[in-house]
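Asks: Put the two chains together into one complex, using the hints given.
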Amino acid sequence: SQQGEEDPQALSIQEGENATMNCSYKTSINNLQWYRQNSGRGLVHLILIRSNEREKHSGRLRVTLDTSKKSSSLLITASRAADTASYFCATDTNNDMRFGAGTRLTVKP
Amino acid sequence: DTAVSQTPKYLVTQMGNDKSIKCEQNLGHDTMYWYKQDSKKFLKIMFSYNNKELIINETVPNRFSPKSPDKAHLNLHINSLELGDSAVYFCASSKGQAQALIQYFGAGTRLSVL
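Chains as they are written, first to last, in my numbering: chain A, 1 to 109; chain B, 1 to 114.
Next up, chain B with everything else stripped away, as it sits in the complex (with noise of 0.2 Å):
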């Protein structure tokens, strides 16, 4: 069974849509991330949630919303896509808080805005 899945796989979607993405663990971990990894393939933290609590929330555009109903989901919806939201968004989760901690991957959804 996948630790760390995300759907969909693809998302292919035009300038001013609204899309959502979702994300389930089945590890029992605690701490759940969304990460946007870029053209140049740089990882980027966008926001941390531990049992269901937002714990970071980086300089992210407020069209970004995360939602978790469950310690093993989080969910990330976003208001009019923008030409530059086109990217890969990866899942993760952790054990703990500490970020310190091994954090386990799903494998991502790339998005693209035309």
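Next up, chain A with everything else stripped away, as it sits in the complex (with noise of 0.2 Å):
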């Protein structure tokens, strides 16, 4: 069954604008991990953040998870035409990991 809802389920922006897409959650969870998918194409994992973790970094991806409200967030700065995919949370209780049904980030040049 599905865990991770992400929102929105579509995001336009111009390129050089940041972009924040949540995820929310209904069970306690060990960790979640947000993954990247361009078209015709597979999964990439982009980072972690364990239950114990409020914040982490990398690169130009900024990912926050607060599990009083059960949700998380993903913040790309400074987006670019490549950064165009749609991007999934996958949350992990007791090792079974969900993923949601991403969102669709499209950045216009």
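These are computed hints drawn from the structure, not numbers from a lab.
Do not rely on the hints blindly, as some may be mistaken.
Lysine-lysine pairs mimicking DSSO-like chemistry, simulated, CA-CA at most 27 Å apart [unchecked claim]:
id: 1; chain 1: A; residue 1: 70; chain 2: B; residue 2: 44
id: 2; chain 1: B; residue 1: 44; chain 2: A; residue 2: 26
id: 3; chain 1: A; residue 1: 26; chain 2: B; residue 2: 36
id: 4; chain 1: A; residue 1: 70; chain 2: B; residue 2: 41
id: 5; chain 1: A; residue 1: 26; chain 2: B; residue 2: 41
id: 6; chain 1: B; residue 1: 40; chain 2: A; residue 2: 70
id: 7; chain 1: A; residue 1: 69; chain 2: B; residue 2: 44
id: 8; chain 1: B; residue 1: 22; chain 2: B; residue 2: 71
id: 9; chain 1: B; residue 1: 41; chain 2: A; residue 2: 108
id: 10; chain 1: A; residue 1: 70; chain 2: B; residue 2: 36
id: 11; chain 1: A; residue 1: 56; chain 2: A; residue 2: 26
id: 12; chain 1: B; residue 1: 40; chain 2: B; residue 2: 9
id: 13; chain 1: B; residue 1: 41; chain 2: A; residue 2: 69
The following residues of chain A were derived to be distant from chain B, with all beta-carbon distances above 10 Å [unchecked claim]:
id: 14; residue: 8
id: 15; residue: 14
id: 16; residue: 19
id: 17; residue: 20
id: 18; residue: 24
id: 19; residue: 27
id: 20; residue: 53
id: 21; residue: 56
id: 22; residue: 69
id: 23; residue: 75
id: 24; residue: 81
id: 25; residue: 84
Ideal Cβ placement from N, Cα and C applies to all residues, glycine included.
Replies: Okay, structure coming up:
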């Protein structure tokens, strides 16, 4: 069954703007991962945040986790056209990992 | 070299046929997975194998049968294909049995059942 739900379903921004995607989930988790999927390709891991962490950075990516609200956000700063892709959160509950339906991000040049 | 490779990339077939999708990983991982991604992009796990042994078998019709000849390969055989089986099927692998580990995905097999 589905665990994480991404919001919004689709997001369109101009190059250079920041993009924020959210993920909400229902049950307690051990960790949460964000993946990216380019059109016609497989998913690629971006970042993992553990349940005892609140924020992680990787290059232009910033992930936050609020376990009290059961939510996470992925921020992409200074977006580029090449960031156009779908972004998925995956929640791990006792080694059972579940993906959401993703946020489709379009970055216009 | 591609880390997780699956073949074929595209598969178009008639209802009622039997087809197989192959997956191989050269990462030395112990665990492999099959996912189904429907038209709404929702990614759902179907099976998981650890060292050739089945560890996850979600509610999937028994027309779907995974086979793992060794830990580097996990093939998916589908009998009596139905229209609703049309989707993109992804193979993935991870270092160990804990699904929490980072998963590496193949490029997907787009199955169209006519």
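Asks: Is the straight-line distance between the alpha-carbon of residue 70/A and that of residue 44/B 27 Å or less?
Replies: It holds: about 21 Å lies between the C-alpha atoms, which stays within 27 Å.
Asks: Mind checking the alpha carbons of residue 40/B and residue 70/A for me, to see if they're no more than 27 Å apart?
Replies: holds, 24 Å
Asks: For residue 19/A, which was marked as not at the interface, is the minimum beta-carbon distance to chain B over 10 Å?
Replies: holds, 17 Å
Asks: Taking only the CA atoms, is the gap from residue 69/A to residue 44/B under or equal to 27 Å?
Replies: holds, 24 Å
Asks: Once the closest CB in chain B is found, is it more than 10 Å from residue 24/A?
Replies: Nearest chain B Cβ is 15 Å from residue 24/A, so the label holds.
Asks: So if I understand the rule, the pair passes when the alpha-carbon distance is 27 Å or less; does residue 26/A with residue 36/B pass?
Replies: Measuring from Cα to Cα gives roughly 22 Å; hence the hint holds.
Asks: Please check whether the beta-carbon of residue 14/A is more than 10 Å away from every beta-carbon in chain B.
Replies: holds, 24 Å
Asks: Was residue 8/A rightly flagged as not at the interface, with every chain B Cβ beyond 10 Å?
Replies: holds, 13 Å
Asks: Just to be careful, I want the Cα atoms of residue 41/B and residue 69/A compared with a cutoff of 27 Å; is the pair within it?
Replies: holds, 25 Å
Asks: Taken at face value, is the distance from the CA of residue 9/B to the CA of residue 40/B at most 27 Å?
Replies: holds, 19 Å
Asks: Would the pair residue 70/A and residue 36/B pass a check requiring their Cα atoms to be no farther apart than 27 Å?
Replies: Answer holds: residue 70/A to residue 36/B is near 26 Å, not above 27 Å.
Asks: Is residue 20/A truly not at the interface, in the sense that its beta carbon sits beyond 10 Å from all beta carbons of chain B?
Replies: Since the minimum Cβ distance to chain B is about 19 Å, residue 20/A lies beyond 10 Å and the statement holds.
Of the numbered hints listed earlier, not one is contradicted by the structure.
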